[in-house]
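Asker: If you want the building blocks of each chain, they are given just below.
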Amino acid sequence: DIQMTQSPSTLSASVGDRVTITCRASQSISSWVAWYQQKPGKAPKLLIYDSSSLESGVPSRFSGSGSGTEFTLTISSLQPDDFATYYCQQYNSYPWTFGQGTKVEIK
Amino acid sequence: QVQLQESGPGLVKPSQTLSLTCTVSGGSISSGNYYWSWIRQHPGKGLEWIGYIHYSGSTYYNPSLKSRVTISVDTSKNQFSLKLSSVTAADTAVYYCARGNCGPSCGYFDYWGQGTLVTVSS
Numbered sequence: 002d003i004q005m006t007q008s009p010s011t012l013s014a015s016v017g018d019r020v021t022i023t024c025r026a027s028q029s030i031s032s033w034v035a036w037y038q039q040k041p042g043k044a045p046k047l048l049i050y051d052s053s054s055l056e057s058g059v060p061s062r063f064s065g066s067g068s069g070t071e072f073t074l075t076i077s078s079l080q081p082d083d084f085a086t087y088y089c090q091q092y093n094s095y096p097w098t099f100g101q102g103t104k105v106e107i108k
Numbered sequence: 268q269v270q271l272q273e274s275g276p277g278l279v280k281p282s283q284t285l286s287l288t289c290t291v292s293g294g295s296i297s298s299g300n301y302y303w304s305w306i307r308q309h310p311g312k313g314l315e316w317i318g319y320i321h322y323s324g325s326t327y328y329n330p331s332l333k334s335r336v337t338i339s340v341d342t343s344k345n346q347f348s349l350k351l352s353s354v355t356a357a358d359t360a361v362y363y364c365a366r367g368n369c370g371p372s373c374g375y376f377d378y379w380g381q382g383t384l385v386t387v388s389s
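Those protein sequences? They're chains A and B, same order as listed. Per the numbering used here, residue 2 is the first one in the first sequence, and the count goes up by one each step. Per the numbering used here, residue 268 is the first one in the second sequence, and the count goes up by one each step.
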């Protein structure tokens, strides 16, 4: 299985901060990475797919980049609604796997 | 707008079979190149993909669960279902159904059900 390792596990930030979350794959996965946001008691929400494509309706402050084994999710200016847990997911090969999550907390 | 809704028992006894159904509305399960999936999340933990079914009937299961999992589809009811046999307390989790979509590659989940907590306990 391809392991997806996110860093950091927890991130403390303030409203207006630029936030970057990293996801590393245990082997090359081309650009087949998605990013999700999950709030407590809710289903994950798709933010980014194909490494850098913004899902319809998602604010433009979210962006994704990377290829091969290293990927990043960036929030350009953190908003109150963005405090949540973020997951990366690879769909390059079976089984599709997720990172362990990064919790973005209020500083 | 596509919507997914899980249904099924919230409590299952050890060694029994967990059965859940996902009802899809706002679109036909038979149209488009989608991979109708089940994903679970253990309490306070990350996400684990269980497997998918395509409306054509093709399936793929996570090898970690393959011996116990069956996913089926009922296109007449616009539903797909999960059966997980011989459950233990380790199968206690929130179970989500989701739609796997395709761009150049397939496998990102653009629509999710709200999730249903299944507890395995006697």
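If you are wondering where the hints come from, they were derived from the structure by calculation, not from laboratory data. Nothing here was measured: the structure is a model prediction, and the numbers come from that model. By construction, the Cβ of each residue, glycine as well, lies at the ideal position given by its N, Cα and C atoms. Treat the hints with care, as some may be off.
If you want a taste of the chain B side facing chain A, the calculated C-beta under 8 angstroms gives, among others [unchecked claim]:
#1 276
#2 324
#3 327
#4 330
#5 371
Below are the EDC-like pairs computed for lysine to aspartate or glutamate, each with C-alpha atoms no more than 16 angstroms apart in a straight line [stated by the list, open to error]:
#6 A:43 with A:2
#7 B:333 with A:2
#8 A:46 with B:377
Covered by chain A, according to a simulated footprint, are these stretches of chain B (three or more residues, beta-carbon under 8 angstroms) [claimed, not checked]:
#9 311–317
#10 372–383
Asker: Now tell me, hint by hint, if it's right for this structure.
Answerer: Hints versus structure:
no.	hint	verdict
1	276	violated, 20 angstroms
2	324	violated, 18 angstroms
3	327	holds, 6 angstroms
4	330	holds, 6 angstroms
5	371	holds, 7 angstroms
6	A:43 with A:2	violated, 27 angstroms
7	B:333 with A:2	holds, 14 angstroms
8	A:46 with B:377	holds, 7 angstroms
9	311–317	holds (count 4)
10	372–383	holds (count 10)
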